[in-house]
Every structure is written in structure tokens, then in C-alpha cells.
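Whenever a hint applies, use it, and build me the whole structure from the sequences.
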Amino acid sequence: MSVRFLRKKNTLPGRLGAAVLAASCAVGAFAADAWQQQAVPMVGVQNYFMERCLQFGAGEKVEFSFTSQHPVNFDVHYHPDNAIVFVLKKENTKELSDSFISKAVDHYCFTWANPVDVGSDWDIQLKYRVIAQ
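Throughout the sequence shown, residue numbering follows mature numbering (1 follows the signal peptide of the UniProt record, and there is no 0), covering -31 to -1, 1 to 102 in sequence.
Please keep in mind that the hints were generated in silico from the structure rather than gathered at the bench.
Treat the hints with care, since some could be wrong.
As the list claims (entries may be wrong) - Dumping the calculated BS3-like pairs for lysine-lysine here, alpha-carbon to alpha-carbon at most 25 Å:
#1 LYS96 / LYS30
#2 LYS59 / LYS96
#3 LYS63 / LYS30
#4 LYS59 / LYS30
#5 LYS72 / LYS58
#6 LYS30 / LYS58
#7 LYS96 / LYS63
#8 LYS59 / LYS72
#9 LYS72 / LYS30
#10 LYS96 / LYS58
#11 LYS72 / LYS96
To be verified - What follows is a set of in silico ranges between Cβ atoms, one per label pair, in the way DEER data are often shown:
#12 THR36 / PHE69: 17 to 23 Å
#13 ALA101 / ALA52: 26 to 32 Å
#14 GLN102 / GLU60: 29 to 35 Å
#15 ALA8 / PHE69: 18 to 24 Å
#16 GLY26 / GLY88: 39 to 45 Å
#17 GLY28 / ASP90: 33 to 39 Å
#18 ASP90 / ALA52: 31 to 37 Å
#19 GLY28 / LYS96: 20 to 26 Å
Note that this is a predicted model, so its numbers are computed, not measured.
Idealized CB from N, CA, C, for every residue including glycine.
In C-alpha cells:
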């Protein structure tokens, strides 16, 4: 499995442009069905978003949950042939537990967007695991 991190910050009015940060790293093997946990940093300005992209094989069951101090817009998507296919979307939520079956070998991106200015930064707590089928 590999993990990609993408963060985009839409700046406040009066500032020029937007900042984008991307990095890639490989994640070592982990025990089947073991929960993985990550803190996902968020910035308290409107339209800021953060992604965690994880590669899954076709037909894998992915269980996940997250909690957030502030409501966020959330989706899971992937990019077959440069398209965007949404697995699920949820608006204005502080927590979610769900699962999906990956349709193809691809990077599936968990994306959180801040819908309003909240005045401070915070971390979203993400947990996920792949269930052997």
C-alpha cells in the first residue's frame, strides 16, 4: 500500500494564490485487518482542504472512521483514467464511520474540506483498515 498526502490551502481574500503541498511515501506492511490511525491537520480558514490517498487493490473492503472538532465536508474518491469517481460524499459532519469495496486497483482519496472560517487549526483523527476478502 502507498500513501500520498495532498494539502491545499485556499487563502483568505487579499492574499495571492493558493498553497499546495504534496508528498509521497511508502507504508510498510501491516497485519491484516489491523486498524491504522493518522492525525490529519486542518487549517481554520474557509475552503481549506486536506487529502489522504491510499492505494487499495480491487475488491478490498475498506472500513474507516474519523472525528473532527469542527464540521467538515468529506468525500472518498479515486481517479480512473484521469476522471474522478466518488465513492461517497457527506457534508457538514464532525464524525463518520463507514466502509466501501474498492472497485479497482487505485489510490482512493479521503478528502476533508473546511466549509467556514473557524479561527483555529485542528487535527482530524482518521482510522482505517482493509479487511481480507
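Now the hints, each set against the structure:
no., hint, verdict
1, LYS96 / LYS30, "14 Å, holds"
2, LYS59 / LYS96, "17 Å, holds"
3, LYS63 / LYS30, "23 Å, holds"
4, LYS59 / LYS30, "19 Å, holds"
5, LYS72 / LYS58, "17 Å, holds"
6, LYS30 / LYS58, "18 Å, holds"
7, LYS96 / LYS63, "14 Å, holds"
8, LYS59 / LYS72, "20 Å, holds"
9, LYS72 / LYS30, "10 Å, holds"
10, LYS96 / LYS58, "17 Å, holds"
11, LYS72 / LYS96, "21 Å, holds"
12, THR36 / PHE69: 17 to 23 Å, "19 Å, holds"
13, ALA101 / ALA52: 26 to 32 Å, "28 Å, holds"
14, GLN102 / GLU60: 29 to 35 Å, "30 Å, holds"
15, ALA8 / PHE69: 18 to 24 Å, "22 Å, holds"
16, GLY26 / GLY88: 39 to 45 Å, "41 Å, holds"
17, GLY28 / ASP90: 33 to 39 Å, "37 Å, holds"
18, ASP90 / ALA52: 31 to 37 Å, "32 Å, holds"
19, GLY28 / LYS96: 20 to 26 Å, "21 Å, holds"
Checked against the numbered hints given earlier, the structure satisfies every one of them.
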